[in-house]
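*Asks:* Sequence order for the protein chains is V and B. Anchor point for the first sequence: position 155 equals 155 in the numbering used here, and the numbering is continuous, going up by one each time. Numbers given in the numbering used here equal positions in the second sequence, counted from 1, plus 1000.
Don't read these hints as lab results, they were simulated from the structure. Certain hints may be false.
[Stated by the list, open to error] No farther apart than 20 Å at their CA atoms in a straight line, the calculated lysine to any residue pairs in the SDA-like style are these: (1) K102/V to V1024/B; (2) K234/V to A1036/B; (3) K234/V to A1015/B; (4) K102/V to A1015/B; (5) K102/V to G1020/B.
All values derive from a computational prediction rather than experimental measurement.
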Amino acid sequence: MTTTVKSAYWKGVREGAPFFFIVSPFALLFGVVATEAGLNILEALAFSVAVIAGAAQFTALQLLQDDAPAIIALVSALAVNLRMAMYSATLTPHLGAAPMWKRVFVAYFLVDQSFALSVGAYEKHRDWSMSQKLAYFFGVVTPICPFWYVFTVVGAMIGEAMPASLGLDFAMPITFIAMVAPMLRSLPHLAACFVAVTASLLLVSLPLNLGLLAAGLLGMMAGAAVEQWVARVKPGHVPQAKEAEA
Amino acid sequence: MSDHVTLWLVIAGLALGSFGLRFVFLGLVGNRAMPAWLLRHLRYTAVAILPALVAPLVAWPAATGGEPDPARLGATFVTLGVGIATRNVFAGLVTGAATLFILMAWLG
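Only chain B is shown next, with the shape it has when bound in the complex (with noise of 0.2 Å):
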């Protein structure tokens, strides 16, 4: 990362966004209900953004110039079975960092 006056920026963006995602309804709006279909698509926004997020880096890779690779696929099908399995999230986190390091190792 070159710019740094670009991360100061988005850190103090986020500093002030964070805080007011969390404040917005404990300070200001109090006691009312929030309608319905805002709450129902807000239930899905991490199931959503984090796995679009990640599915680019995982299909197309830039450690490997953009190639798919079979160590980073490898990790990230065990990663995803096991956390769906144990529901631990270090569960999945360990043994897919097992499994890249163990692939990468083996495939060189």
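So that you can see chain V by itself, here it is in the shape it has in the complex (with noise of 0.2 Å):
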């Protein structure tokens, strides 16, 4: 690596090293929930190698504890992952040019903070080479994608030796809504999850859990329909494709 390249990963490090201290209780947290639910350590490591995304994971683990079909707790977890496809088409003007090998670590090292800290230090630093955008990315990678997979194994051990019945039914509930409150941020968001969280209450007997995709969407339609007339109403007011943690 050449002294550019090196001080572009370090920074990364340095600036994605905060996150090390939200990810890793949220990795444990999912290793305790995944033992709860009945999960060996195997299985909630390979869990979180596969899909390094927190949201997604505790979605399609609640939907296999309520016994849902695999389709649907397939279904429902990638829709809470569409957003990476957002990240995906956004970081593609930086780092579309890359080589294809390392397009693909880039894409599977995609989570919300490589994400949300690349795209500002991109816009920032706009004379930084291909060499040093990869070593950024990476660098911001270094201290918390690892370490997911750490956390989860420690949460799985936990788990395996704490009592049930700790209320922890509760945990994934409350995770959830930790993560979406800081995002109710502008009348389209508080839109979308209002009509999300009446659709939901209101299809709650639809078969197959059919009743969480079709709020879902109907969430995403009023929350798309609320930013066009906030839009007309209020020209040049644009949401920021920003979304929370994990």
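Each of the two chains sits in its own frame; use the hints to bring them together as a complex.
*Replies:* See below:
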């Protein structure tokens, strides 16, 4: 590595480091909840290595625990991860010209934190070469993703040693609410949330948990519609495509 | 969870699907722009799907046999209120969990 590439990597490590303290407890919680749901340590770890996205992992786990069909658990969790496609689209102008095998690694490690920090850094340092951009991205990933795996295993080991019925049934709902609350920062976001919650409660008796997918779609449509309405009423006001962590 | 074959199917499907979502534009679409209407809907996936998933768990928790439960409702509102006020995921998580434990101990 040349000096400038090295310094971009370490800049990424420094700026990604604080997220260690946010991501690790989430991974720990996932490990605990996964073993409470009946997964063994290997299965919990496989989940984290395969997905590296807290919200999607918790979603799939919750639905499997409710004995939803596998396809419903899969589609719902992937719906939660749809924002990754947005991240991928946003990074493409910056990293799309990198060699294919490097883009494969960027895609695998594309999480909320690596996306948010990298986009911010690329906009600020427009003179960075492709090597510097890639070095920064993998620098951010270094203090985050390996610990996602490690703390999943630690959580799974704790969970196997913990007695059931500690109110842990509600750990997942609280986690989700805590993740969503900071995102409710504009009228369209509030509308999407309100419509989705109302529809979900009304449609809860639909078979195969289809009510969840219908409620999610209705919420997204409500958010998009209100966003267009706000844009007409208040021209020039465009919500930023920033999501919460994990 | 009794069926570990189903579990591994879901893990494998999630591995492929999550990677596909992350790779689709970086790897395949290149620099072409996405339609505005699609981006507009994608912006609200997280704030729609996650609350839709949680709402029935809050209203009718399985742990109480589907009866609405003051401890879990209280924890929900504290988590939500603190999360909105502080814009901090962990502030909401910690105060919500504390509320749940206190109310569960207090209400028996």
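*Asks:* Please write out, lowest number first, the hints stated earlier that are contradicted by the structure.
*Replies:* Of the numbered hints given earlier, the structure breaks just one, which is hint 3.
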